[in-house]
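Peer 1: The primary structure of each chain is shown beneath.
Protein chains: 2
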Amino acid sequence: MSQTAAGIAAGVLAREIGAGARLIRWLEEGDPRGRDALATIYPHTGQAHLIGITGPPGAGKSTLTNALISEQRKRGRRVGVIAVDPSSPFSGGAVLGDRVRMQTHALDTGVFIRSMGTRGQLGGLSRATFDAILVQDAMGYDVVIVETVGVGQDELDIVSLAHSTVIVSVPGLGDEVQAIKAGLLEAGDLFVVNKADREGADALTRQLELMLHLREQTRPSDWTPPLVHTTALTGQGVATLTDELDRHLAMLKASGGFAACLKERNRHMFESLLQEQAARQILAAALAEPSAAQLISAVEQGDIDPYSAAAQLVGCISLKFS
Amino acid sequence: MSQTAAGIAAGVLAREIGAGARLIRWLEEGDPRGRDALATIYPHTGQAHLIGITGPPGAGKSTLTNALISEQRKRGRRVGVIAVDPSSPFSGGAVLGDRVRMQTHALDTGVFIRSMGTRGQLGGLSRATFDAILVQDAMGYDVVIVETVGVGQDELDIVSLAHSTVIVSVPGLGDEVQAIKAGLLEAGDLFVVNKADREGADALTRQLELMLHLREQTRPSDWTPPLVHTTALTGQGVATLTDELDRHLAMLKASGGFAACLKERNRHMFESLLQEQAARQILAAALAEPSAAQLISAVEQGDIDPYSAAAQLVGCISLKFS
Chain A
3 MSQTAAGIAA GVLAREIGAG ARLIRWLEEG DPRGRDALAT IYPHTGQAHL
53 IGITGPPGAG KSTLTNALIS EQRKRGRRVG VIAVDPSSPF SGGAVLGDRV
103 RMQTHALDTG VFIRSMGTRG QLGGLSRATF DAILVQDAMG YDVVIVETVG
153 VGQDELDIVS LAHSTVIVSV PGLGDEVQAI KAGLLEAGDL FVVNKADREG
203 ADALTRQLEL MLHLREQTRP SDWTPPLVHT TALTGQGVAT LTDELDRHLA
253 MLKASGGFAA CLKERNRHMF ESLLQEQAAR QILAAALAEP SAAQLISAVE
303 QGDIDPYSAA AQLVGCISLK FS
Chain B
3 MSQTAAGIAA GVLAREIGAG ARLIRWLEEG DPRGRDALAT IYPHTGQAHL
53 IGITGPPGAG KSTLTNALIS EQRKRGRRVG VIAVDPSSPF SGGAVLGDRV
103 RMQTHALDTG VFIRSMGTRG QLGGLSRATF DAILVQDAMG YDVVIVETVG
153 VGQDELDIVS LAHSTVIVSV PGLGDEVQAI KAGLLEAGDL FVVNKADREG
203 ADALTRQLEL MLHLREQTRP SDWTPPLVHT TALTGQGVAT LTDELDRHLA
253 MLKASGGFAA CLKERNRHMF ESLLQEQAAR QILAAALAEP SAAQLISAVE
303 QGDIDPYSAA AQLVGCISLK FS
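If you read the protein sequences in the order shown, they are chains A and B. Just so you know, we're using our numbering here: the first sequence kicks off at 3 and counts up by one. Just so you know, we're using our numbering here: the second sequence kicks off at 3 and counts up by one.
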């Protein structure tokens with residue numbers, strides 16, 4: 003495989019999984035070839051249906067993702083998966099049974115599964131995830147599924163920027179409805195009660211229906227989030243979920259929401275990159291400037307609080323665009 | 003209560019919980035009075051022993067935190083707690099029994115418990131948490147405990163910047179050791195097997211011992227992380243854990259690690275604030291500059307990839323310090 007940016011970009015556009023994996027790694031590591039290759043493939047992005055799947059640990063998100071892959075494949079679609087969860091079977095972090103189950107799609111070239119660690123990426127988790135989405139998108143995957151554990155700001159950023167966000171609940175966890183209350187309810191486009199054959203499914207369903215009803219009251223919308231019952235392990239309900247996802251996609255395309263979502267994602271990535279690069283440039287310039295270097299050292303010594311110091315440094319910068 | 007920055011700062015230094023809660027809210031909301039008050043109280047920070055407690059959901063972190071509070075109070079110390087977990091009983095996200103249990107310390111003015119949501123804070127979760135730490139630190143709490151669910155980059159930032167990081171495991175979750183492998187092992191200063199009376203505790207202990215042994219081999223250190231068995235619900239083992247925390251603190255103070263940790267935290271906060279403020283200034287300036295505004299619009303339209311655009315914008319800025 004060619005190691006140049008142009009070679010890898012060509013491989014990505016030729017839908018070679020090895021090239022895609024290489025490019026994602028370059029982007030994670032901040033390799034300058036990654037940026038060049040991304041610029042080449044970028045015009046080919048913006049087509050995939052980006053589905054976020056989230057919910058508490060133990061809700062069966064990975065099993066549901068696996069069943070969704072099968073259903074989407076049945077419908078002739080190529081599927082990319084990005085697993086953002088250290089304990090996901092996709093990341094190798096689970097018991098043997100799960101890992102074997104996930105191998106179902108290992109030999110299917112219409113499926114590309116990539117797991118993201120939760121640390122060490124330059125620029126943080128949400129940036130690395132968006133990079134991986136861009137790569138899979140450019141590779142022509144019709145659907146890109148992002149599975150996250152749904153706790154933490156990064157994960158919320160990720161799900162809130164997907165086209166369709168699926169919130170998975172499961173009976174018997176006790177506090178999962180509370181966790182949904184705390185932030186995920188607003189972000190959900192579709193709700194799933196998984197392991198719907200378990201005791202407690204009816205009570206959970208009623209709770210969710212009530213919460214969705216309240217949400218509808220406080221925030222009326224053209225889209226009423228469906229509540230789907232699945233048993234991901236057997237595939238029960240997964241066709242219905244896929245139908246609802248297709249319906250949501252059609253609605254987004256008709257309403258302009260699909261384009262708006264992409265625009266927001268672009269802007270979000272740009273601002274995150276700008277923050278990082280601008281701060282790096284300012285820090286480098288400040289360290290070369292005696293008065294500014296003194297300020298940074300005062301911060302480290304605790305002689306000035308970080309807020310005042312940052313405001314002071316930014317305040318004495320004058321900017322010029324050339 | 004006075005609503006001025008000076009009044010709230012005085013209240014914080016007089017150890018009034020109401021003033022502390024107000025200041026934390028101001029900082030979360032970006033109220034300019036928050037920054038002024040923080041500048042006033044800042045010289046009084048840097049004394050507290052900052053303890054991070056993390057581990058998978060269901061490990062009993064909140065119960066352990068509660069038991070730690072009791073033990074620290076017995077030793078005559080004032081305790082601040084910051085709960086970064088949407089499903090934590092401290093945030094009101096749990097079943098009634100838990101909530102009642104957490105009320106133990108509700109009437110004790112030597113204890114200040116604050117929970118952080120996982121979204122909506124200006125500048126993100128880790129900034130808001132560090133702000134809350136500064137406030138509790140300035141209020142003279144000897145110990146500040148930060149409880150996080152331990153998934154996501156923000157949480158890892160938080161625990162990695164604490165003086166003493168406690169990783170809590172529990173038998174029977176199946177994949178929790180795997181989750182620890184994925185990132186938390188490196189960050190841990192103390193390891194706890196909670197619910198140590200449960201079946202599987204011995205196997206979990208052996209796994210942890212093996213992992214700690216491997217860590218010792220690959221990364222030798224002056225500090226050998228102790229492995230403590232607790233039953234947080236009854237308080238068993240919590241005195242031992244507190245002894246080990248005290249021993250870790252003494253080691254850090256003797257080795258200069260305590261000061262180094264503070265320095266790193268200051269630098270981290272400063273850089274995060276600088277990123278945000280610099281980017282805000284650059285964006286505002288760019289939108290007023292026709293060529294730069296055009297670039298931002300091209301990003302939103304998807305005509306240029308965010309990496310190239312950010313590099314281009316940063317590249318045509320010249321900086322001057324006055």
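The reader is advised that the hints may include incorrect statements.
Since the list gives no way to pick one copy over another, a pair counts as held whenever it fits inside one copy or between any two copies.
[What the hints assert, rightly or not] Pairs of lysine to aspartate or glutamate, DMTMM-like flavour, derived with a Cα cap of 25 Å:
#1 Lys255 to Asp38
#2 Lys255 to Glu302
#3 Lys255 to Glu188
#4 Lys322 to Glu211
#5 Lys255 to Asp110
#6 Lys265 to Glu302
#7 Lys322 to Asp224
#8 Lys265 to Asp204
#9 Lys255 to Asp33
#10 Lys322 to Glu273
#11 Lys255 to Asp224
#12 Lys322 to Glu218
#13 Lys255 to Asp159
#14 Lys322 to Glu278
#15 Lys322 to Glu302
#16 Lys255 to Asp144
#17 Lys322 to Asp159
#18 Lys322 to Asp199
#19 Lys265 to Asp38
#20 Lys76 to Asp110
#21 Lys322 to Glu291
#22 Lys322 to Glu73
Treat the hints as calculated values from the structure; they're not laboratory data.
Peer 1: Compare the structure with each hint and give your call.
Peer 2: Evaluation of the provided hints:
1. In this assembly of identical chains, the alpha carbons of Lys255 and Asp38 never lie at most 25 Å apart, being 30 Å within a copy and 47 Å across copies at closest.
2. Taking identical chains as interchangeable, the C-alpha atoms of Lys255 and Glu302 lie at most 25 Å apart only when they sit on different chains, with a minimum of 17 Å there against 50 Å within one chain.
3. Within a single copy, Lys255 and Glu188 get their C-alpha atoms as close as 21 Å, which meets the 25 Å cut-off; across copies the closest is 45 Å, which misses it.
4. In the homo-oligomer, the alpha carbons of Lys322 and Glu211 never lie at most 25 Å apart, since the shortest distance is 54 Å inside one protomer and 57 Å across protomers.
5. When the C-alpha separation of Lys255 and Asp110 is checked against a cutoff of 25 Å, the pair qualifies neither within a copy, at 29 Å, nor between copies, at 56 Å.
6. Proximity of Lys265 and Glu302 under a CA criterion of 25 Å is satisfied inter-copy only: 5 Å between copies versus 39 Å inside one chain copy.
7. In this homomeric assembly, Lys322 and Asp224 never come within 25 Å of each other (Cα to Cα): the closest approach is 45 Å inside a single copy and 50 Å across copies.
8. Neither within a single protomer nor between protomers do Lys265 and Asp204 lie at most 25 Å apart by alpha-carbon distance, with minima of 39 Å and 53 Å respectively.
9. When the C-alpha separation of Lys255 and Asp33 is checked against a cutoff of 25 Å, the pair qualifies neither within a copy, at 35 Å, nor between copies, at 39 Å.
10. In this assembly of identical chains, the alpha carbons of Lys322 and Glu273 lie at most 25 Å apart whether taken from the same copy (19 Å) or from different copies (22 Å).
11. Taking the closest pair of Cα atoms, Lys255 and Asp224 come within 25 Å of each other only inside a single copy of the chain (13 Å); across copies the shortest separation is 59 Å, beyond that limit.
12. For the identical chains of this complex, Lys322 and Glu218 are neighbours neither inside a copy (48 Å) nor across copies (51 Å), given an alpha-carbon limit of 25 Å.
13. Only within a single protomer do Lys255 and Asp159 lie at most 25 Å apart by alpha-carbon distance; the minimum there is 22 Å, versus 38 Å between protomers.
14. For a Cα distance limit of 25 Å, the shortest separation of Lys322 from Glu278 qualifies both inside one copy, at 19 Å, and across copies, at 19 Å.
15. Proximity of Lys322 to Glu302 under the C-alpha cut-off of 25 Å is restricted to the inter-copy arrangement: shortest distance 23 Å between copies versus 29 Å within a copy.
16. In this assembly of identical chains, Lys255 and Asp144 lie within 25 Å of each other by CA distance solely inside one copy; the values are 14 Å within and 56 Å between copies.
17. Taking the closest pair of Cα atoms, Lys322 and Asp159 never come within 25 Å of each other, the shortest separation being 32 Å inside a single copy and 34 Å across copies.
18. With identical chains, the CA atoms of Lys322 and Asp199 are never at most 25 Å apart, being 63 Å at best within one copy and 65 Å at best between copies.
19. For a Cα distance limit of 25 Å, the shortest separation of Lys265 from Asp38 inside one copy, 21 Å, qualifies, whereas the shortest one across copies, 36 Å, does not.
20. Taking CA atoms no more than 25 Å apart as the test, Lys76 paired with Asp110 passes inside one copy only; the shortest distance there is 12 Å, against 61 Å between copies.
21. Taking the shortest Cα distances, Lys322 and Glu291 sit within 25 Å of each other both inside one copy (18 Å) and across copies (10 Å).
22. Proximity of Lys322 and Glu73 under a CA criterion of 25 Å is satisfied in neither setting, with 54 Å inside one chain copy and 57 Å between copies.
The structure fails hints 1, 4, 5, 7, 8, 9, 12, 17, 18 and 22 (numbered hints given earlier, in ascending order).
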